[in-house]
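Number of protein chains: 2
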Amino acid sequence: MMKFSARSAGPALKPSLDTPARPAGGRTRQANEARILEAAEAVFAEAGFTGASMQAIAERAGLPKANLHYYFGTKELLYRTLLGRILDMWVDAFDHITPDRDPAEAIAAYITDKMRWSRTRPLASKVFANEVIHGAQQIEGYLSGKLRQIVAEKAAVIDGWVAEGRMAPVDPVHLFFTLWATTQTYADFEVQVRAVLARDRLTESDFDHATDQILRLMLRGCGLEVPHTVPDGR
Amino acid sequence: MMKFSARSAGPALKPSLDTPARPAGGRTRQANEARILEAAEAVFAEAGFTGASMQAIAERAGLPKANLHYYFGTKELLYRTLLGRILDMWVDAFDHITPDRDPAEAIAAYITDKMRWSRTRPLASKVFANEVIHGAQQIEGYLSGKLRQIVAEKAAVIDGWVAEGRMAPVDPVHLFFTLWATTQTYADFEVQVRAVLARDRLTESDFDHATDQILRLMLRGCGLEVPHTVPDGR
DNA sequence: GTCTATAGTGAGATAGAC
DNA sequence: GTCTATCTCACTATAGAC
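If you read the protein sequences in the order shown, they are chains P and A.
In terms of my numbering, the first sequence opens at residue 1 and continues consecutively.
In terms of my numbering, the second sequence opens at residue 235 and continues consecutively.
If you are wondering where the hints come from, they were derived from the structure by calculation, not from laboratory data.
No experiment lies behind these values; they were computed from the predicted model shown.
All residues carry an ideal CB built from backbone N, CA and C; glycine is no exception.
No false leads were mixed into what you were given.
If you anchor each label on the Cβ, the simulated ranges turn out as follows:
#1 P:Glu-59 x A:Glu-374: 23 to 29 Å
#2 P:Gly-62 x A:Arg-335: 54 to 60 Å
#3 P:Gly-62 x A:Thr-284: 19 to 25 Å
#4 A:Gly-260 x P:Glu-204: 55 to 61 Å
#5 A:Leu-311 x P:Arg-80: 30 to 36 Å
#6 A:Gly-285 x P:Ala-156: 37 to 43 Å
#7 P:Thr-120 x A:Gly-394: 35 to 41 Å
#8 A:Arg-263 x P:Thr-50: 28 to 34 Å
#9 P:Glu-204 x A:Asp-393: 22 to 28 Å
#10 P:Ala-34 x A:Gly-285: 26 to 32 Å
#11 A:His-443 x P:Thr-203: 34 to 40 Å
#12 P:Leu-77 x A:Asp-336: 51 to 57 Å
#13 P:Thr-203 x A:Arg-263: 45 to 51 Å
Put together the whole structure using the sequences plus the hints.
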């Protein structure tokens with residue numbers, strides 16, 4: 001089933017997911033690894049690390065279980081690879097926080113981006129949430145290394161805005177904790193949100209409304225006003 | 235080890251955890267069940283439902299594994315019992331939201347209460363979070379039943395405040411989503427918070443500072459001011 | 001009521017044919 | 001590179017002695 005679709009030569013049509021170092025392996029290897037990672041994201045999100053079985057991931061990917069071990073060695077290595085991809089996406093939204101930008105626009109763009117991520121990649125968000133809740137053993141170094149550093153940089157930007165009197169005095173680090181929690185809850189706790197809203201599923205307009213409410217609440221909380229040009233995020 | 239401490243007669247010294255119907259069983263039964271539930275909370279929080287083993291819970295409770303099955307039947311029933319206790323605590327904080335109260339004081343009391351809960355019962359919060367993230371199969375009825383109803387009631391209270399012009403116009407349901415996420419993240423994502431703050435553990439003063447920041451941000455976001463008498467929550 | 005010993009199941013991982 | 005068949009082990013649950 002689906003062996004070689006578009007086997008045209010030349011560089012890969014799109015790098016889809018940026019691989020650690022160079023995109024090792026041939027075309028079929030890359031395609032299979034991508035399929036396995038996509039299936040793994042769904043199964044790990046649904047069941048957690050221990051609850052997920054290699055059998056379930058293999059079935060979802062449409063491959064025999066042994067192939068997963070051939071490509072990724074162990075369940076833990078597959079999981080770690082998946083986490084790495086997710087973490088890369090996680091920090092991208094920080095790019096919006098730059099000193100030259102208008103505070104309201106920058107923070108609005110950050111919120112909008114994180115909300116879009118919750119809508120389009122809820123499974124990735126759940127895998128990350130599950131990992132952190134259960135101790136973050138696989139990504140401890142990342143959290144206290146790269147993440148801490150980038151938060152420090154971006155907190156300095158916000159401190160600058162506060163010092164210039166361009167927004168209300170807030171502790172930027174706790175502001176980030178609040179923004180992460182508020183936006184990710186629409187992915188991680190989606191079931192609860194749906195239950196309370198009495199929805200079968202969350203539509204795009206549900207997300208637009210939620211984003212609008214969060215923007216108002218958070219920007220007003222920062223002593224800012226919602227910018228007319230709600231930035232597009234990316 | 236520790237067989238009968240305080241076996242004085244009369245009614246139970248304190249009902250500790252309110253049981254479903256009547257506190258069925260004798261003193262030792264109640265004591266053992268409480269020990270098992272406490273151990274289960276810790277193990278389920280650390281490892282999730284599938285990752286937790288009855289062996290690990292038994293060891294933590296200092297009892298043989300077979301006793302857990304004697305008291306609770308199956309792993310799933312033990313888990314469901316634990317979830318029931320946690321849900322009861324979860325809705326208690328809503329008691330602060332009443333029409334007669336000052337909006338700023340009521341919301342401040344709600345936030346303060348939820349933050350105290352994150353500090354004192356982080357394990358319970360994690361068990362709940364894990365359950366919701368992975369589909370809330372065990373508590374679906376509760377979420378779309380009792381929880382939805384109580385949220386509707388309390389949302390009406392906030393709508394009333396808004397209609398009276400006592401606070402900024404907000405969608406109360408999404409406000410609750412934000413308050414839940416913001417306060418519970420200090421329990422569920424504690425590892426991440428500690429990593430970013432470079433703390434070995436979160437102290438009481440860390441929580442006081444976080445609570446203060448959340449109060450400022452959220453109340454200002456609702457067009458309110460932090461009340462002078464920061465309510466004690468309970 | 002309590003606990004030891006064990007049955008039965010399903011998991012991760014791999015050998016070895018293709 | 002791919003996949004079937006299988007090894008080994010940990011887990012839930014229970015039978016049955018005390």
